[in-house]
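Please work from the sequences and hints to get the whole structure.
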Amino acid sequence: MRARLRFWLFLILMLVLLIFMEYYQLNQGGIGYFYKRYFASEYIPSSSRFPSPQWSLKDTEGKTYSSENLKGQVVLINFWATWSTKSLDEFPALIDLQEKFKNNDVTILGVSIDQIDNEKLANFKEKSLLPYPNLVSDTDMIEKFGVFDSLPMTFLIDQNGNIVRFYKGKISSAELSRVIEDLLTPTSP
Numbered sequence: 293m294r295a296r297l298r299f300w301l302f303l304i305l306m307l308v309l310l311i312f313m314e315y316y317q318l319n320q321g322g323i324g325y326f327y328k329r330y331f332a333s334e335y336i337p338s339s340s341r342f343p344s345p346q347w348s349l350k351d352t353e354g355k356t357y358s359s360e361n362l363k364g365q366v367v368l369i370n371f372w373a374t375w376s377t378k379s380l381d382e383f384p385a386l387i388d389l390q391e392k393f394k395n396n397d398v399t400i401l402g403v404s405i406d407q408i409d410n411e412k413l414a415n416f417k418e419k420s421l422l423p424y425p426n427l428v429s430d431t432d433m434i435e436k437f438g439v440f441d442s443l444p445m446t447f448l449i450d451q452n453g454n455i456v457r458f459y460k461g462k463i464s465s466a467e468l469s470r471v472i473e474d475l476l477t478p479t480s481p
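With our numbering applied, the sequence shown corresponds to residues 293 to 481, in that order.
No lab work stands behind these hints, which were simulated from the structure alone.
Be a bit skeptical, because a hint or two may be false.
Derived pair list, reagent style DSSO-like, types lysine-lysine, alpha-carbon separation capped at 27 Å [to be verified]: (1) K350 with K417; (2) K378 with K350; (3) K350 with K436; (4) K363 with K419.
All values derive from a computational prediction rather than experimental measurement.
If you want it as structure tokens, here you go:
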């Protein structure tokens with residue numbers, strides 16, 4: 293009887309410890325930790341989606357983009373860096389998506405995590421022929437989306453400001469096209 297009681301106490305203690313550790317890491321690692329841990333490259337059902345962090349950044353031309361002024365649109369946020377070859381290899385897929393959805397309520401944003409000024413980013417964007425806005429990131433936005441252990445990283449956000457998918461690494465234009473088309477298709481009540 294005593295051994296059984298010790299077993300159950302040990303089990304309950306481990307469960308409480310596990311819950312505490314998850315809660316602590318969620319609060320310490322930011323919302324991005326939770327997405328990376330549980331939903332990396334997975335579709336998040338509408339009943340389980342989490343709101344995107346609140347953010348606001350300017351693009352290379354000085355226009356401000358924010359989570360608030362993009363509500364009502366599907367938003368793809370691609371975090372990248374000039375030194376990341378995988379990020380650069382992904383540009384054609386993002387350019388294809390921009391071309392395909394430019395007349396829809398879809399906004400594609402590149403967010404450079406390089407520590408470069410706006411002018412250097414604008415020159416890089418021009419040389420790379422990127423047709424979509426590129427924003428100069430700050431540490432606040434990076435912290436809100438989580439610790440990045442590899443690049444590129446892409447978040448797909450629905451019209452209500454909720455994260456639908458998270459991609460770590462190079463994305464597929466065809467797969468993202470299907471997901472974006474599904475988000476643009478009205479669902480019947």
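Results for each hint:
1. K350 with K417: Holds: K350 and K417 sit about 14 Å apart, inside 27 Å.
2. K378 with K350: holds (24 Å)
3. K350 with K436: holds (17 Å)
4. K363 with K419: violated (31 Å)
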